Amino acid sequence: MASIRRVKGENLYIRYLILSCWGLFCLMPVLWFLSIGFRPRTEIITAQPIYFPTLSLDAWHMIWSDWPMAKYLRNSVAAIFGSVMIDLVLAIPAAYSLSRYEYRGREDIGFYILSTRMMAPAIVAIPIFFLFRNLGLLDTIWALMLVYAAINLSIVTWIIRSYMTDIPRELEDAARTDGAGDLRILWEIIIPAILPGIITAAVIAMIFVINEFLFTLLIASTPDAYTMSVALANFTGGSDGVIYNAIALVAFLAFVPVFLVVIAIQKHLSRGLTMGAVKG
Amino acid sequence: MAQIELKGVSKRWGAVWGVRKVDIEIADKELLVLLGPSGCGKTTTMRMIAGLEDPSEGEITFDGEVMNAVDARDRDVAMVFQGYALYPNMSIYENIRFPLRMRNVPKDKQDELVRRAAKMVELSDYLNRKPGALSGGQRQRAALARAIVREPQIFLMDEPLSNLDAQLRQAMRVQIKYIQRELQITTVYVTHDQIEAMTLADRIVVMQGGAVQQVGTPDEIYSDPANTFVASFIGAPPMNLIDGMIKDGNFVADHVEVPDVGIKTTGQIRLGIRPEDCAVVSSAEQRHNMKGDVYGVEPTGDMTVLTLRVGEKNLEIKADRDYRSELGVQENVVFDTNRLYFFDSQSGERVR
Ligand SMILES: Nc1ncnc2c1ncn2[C@@H]1O[C@H](COP(=O)(O)OP(=O)(O)O)[C@@H](O)[C@H]1O
Ligand SMILES: [Mg+2]
Chain F
1 MASIRRVKGE NLYIRYLILS CWGLFCLMPV LWFLSIGFRP RTEIITAQPI YFPTLSLDAW
61 HMIWSDWPMA KYLRNSVAAI FGSVMIDLVL AIPAAYSLSR YEYRGREDIG FYILSTRMMA
121 PAIVAIPIFF LFRNLGLLDT IWALMLVYAA INLSIVTWII RSYMTDIPRE LEDAARTDGA
181 GDLRILWEII IPAILPGIIT AAVIAMIFVI NEFLFTLLIA STPDAYTMSV ALANFTGGSD
241 GVIYNAIALV AFLAFVPVFL VVIAIQKHLS RGLTMGAVKG
Chain L
1001 MAQIELKGVS KRWGAVWGVR KVDIEIADKE LLVLLGPSGC GKTTTMRMIA GLEDPSEGEI
1061 TFDGEVMNAV DARDRDVAMV FQGYALYPNM SIYENIRFPL RMRNVPKDKQ DELVRRAAKM
1121 VELSDYLNRK PGALSGGQRQ RAALARAIVR EPQIFLMDEP LSNLDAQLRQ AMRVQIKYIQ
1181 RELQITTVYV THDQIEAMTL ADRIVVMQGG AVQQVGTPDE IYSDPANTFV ASFIGAPPMN
1241 LIDGMIKDGN FVADHVEVPD VGIKTTGQIR LGIRPEDCAV VSSAEQRHNM KGDVYGVEPT
1301 GDMTVLTLRV GEKNLEIKAD RDYRSELGVQ ENVVFDTNRL YFFDSQSGER VR
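So the protein sequences, as listed, match chains F and L.
The end of the first sequence is residue 280 by this note's numbering, with every number in the run present.
The end of the second sequence is residue 1352 by this note's numbering, with every number in the run present.
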């Protein structure tokens, strides 16, 4: 008995060792960013592979004082938050319909919604540009919200649908016999019951668009609508050349909020990410 | 309070019949039990009464008023679901209050009614808990409280006790019957458990394959079954069915003979005799109706279930609690000839 337990214990150490190596490997780029971001510009390119830089806050001060980084951050947050809200408002009723009502073509509609995700973005880039120009929405975060919402609507709908399908039908029937109408049932029974699913869908949507670049660059032409991802591009080219330590810092800043949110909800996240695999 | 009537009600999904031309009348304040094996259409029948499913054919009336087009939320029925269907994110208090809130009962009245209902099912101490933090029996009672809180016209209960252990089930059965009598609300109760049906019901509707087999009081269902299905579904162990012939007024089968059974037809027939209407006779000389070899002896405490191998069939007999025997021993059995049932060999319908 004792020996079996010891073997188990050793197994555990080996497991931790392997996982730690893997974790270090995955986090390497992040640590790299940090290291580059907080060193002087002169030390960015060195011959030694392992190098202990002098700590410097030059890049940190530069991104906040020479560029409206706070504004970019605000734009990013507003566009992403707004887009996720739009997605939820549209996706929850759609998912409810797809998971609950029986009607002809239901599966086809579900698939059609998903298929919008499969389209190559370049195909719609030009039409979208003209669309927003005609609407007078170019270079606004409203346009970004709409585009981000469109990018994520299908995946958000499918994730929420998968959670709704899991809710026992009896729950709704009970609410109906208790005297509740469709909207009441959705609001008071279904949504609270699938709240983890809704949060998961929202976070996944957020991860997908925080690095969105193509459409953002297309729509944003001044700092009014620049987001973090487009701001990164500002540090390349121009008279200053490529400012690697600023790029590294901004990339790190864009990474941190997502990282924190993912840690907070990681328990639910795996379910959301695998939903396509386990649900029809 | 309501009288319910189902007239020729059917439910079909494409080629699948869930319920087939069901006619049932349920009197005001009656406790009617729908009894049948799994898949016989009990839940579907109940869901149609609740308005959660539309009948494909036929009419459902409450107090003579046709309800087919009336939405579930406007039928004033309360349902207890098989899986309890408590709202997981609400406390027990909020669960019980939900129907009151939906029907705009005045706020100050709500609290009083919730507490009264909780008290009736002995859940007063658990009102702040979430359903997830309750045991099966407590959830069951919470579901019951949610149904009784607003005193609906009709109660519908779909196998409410099937997830409970035997002891709790007996206690809840008594409680349900008591509450139903006290509130005097017309109740339809669904179960596949014949004991539950026998003990609870004013009348039982036995269903099979979506169709009604027999409607009657528990006594009628037990002592006057309409066909072999009802006969063998009620009673544990079930009624013994023996295929044989009528010859010169006597019933004859392999190792079985019953004289002067009073059946006028001749030829193939099926005899039914309940295990409790058979008795083992002590000596071979005594008058007996059946011979068989002991195949199994199962003492249950208050009696002993004896299984005899008679020809090709196993037949069961409720013997005395002290009865013991070795396997393979030959036993003779006498029937209570006042309690013989005869059924058509083909259709299974009762022959009188
Ligand atoms: N939505 C449905 N679609 C197709 N068939 C169904 C549906 N609901 C029930 N059935 C069928 O109808 C029959 C009766 O079901 P049900 O009323 O649930 O039986 P019970 O409650 O007596 O176990 C079953 O054969 C079942 O498979
Ligand atoms: Mg059922």
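Since the hints were derived computationally from the structure, they do not count as laboratory data.
Since we're looking at a predicted model, the values are computed, not measured.
The beta-carbon is built from N, C-alpha and C at its ideal position, and this holds for glycine as well.
There could be a bad hint or two in this list.
Beta-carbon label-pair distances, calculated as ranges [unchecked claim]:
#1 L:R1129 x F:S97: 32 to 38 angstroms
#2 F:R104 x L:V1016: 14 to 20 angstroms
#3 F:S97 x L:R1116: 49 to 55 angstroms
#4 L:Q1167 x F:I109: 55 to 61 angstroms
#5 F:R74 x L:G1014: 52 to 58 angstroms
#6 L:D1054 x F:S97: 17 to 23 angstroms
#7 L:R1129 x F:C21: 44 to 50 angstroms
Tested hints:
no.: 1; hint: L:R1129 x F:S97: 32 to 38 angstroms; result: holds, 34 angstroms
no.: 2; hint: F:R104 x L:V1016: 14 to 20 angstroms; result: holds, 18 angstroms
no.: 3; hint: F:S97 x L:R1116: 49 to 55 angstroms; result: violated, 39 angstroms
no.: 4; hint: L:Q1167 x F:I109: 55 to 61 angstroms; result: violated, 50 angstroms
no.: 5; hint: F:R74 x L:G1014: 52 to 58 angstroms; result: holds, 57 angstroms
no.: 6; hint: L:D1054 x F:S97: 17 to 23 angstroms; result: holds, 19 angstroms
no.: 7; hint: L:R1129 x F:C21: 44 to 50 angstroms; result: holds, 45 angstroms
In this structure, the earlier hints numbered 3 and 4 are contradicted, and the remaining ones agree with it.
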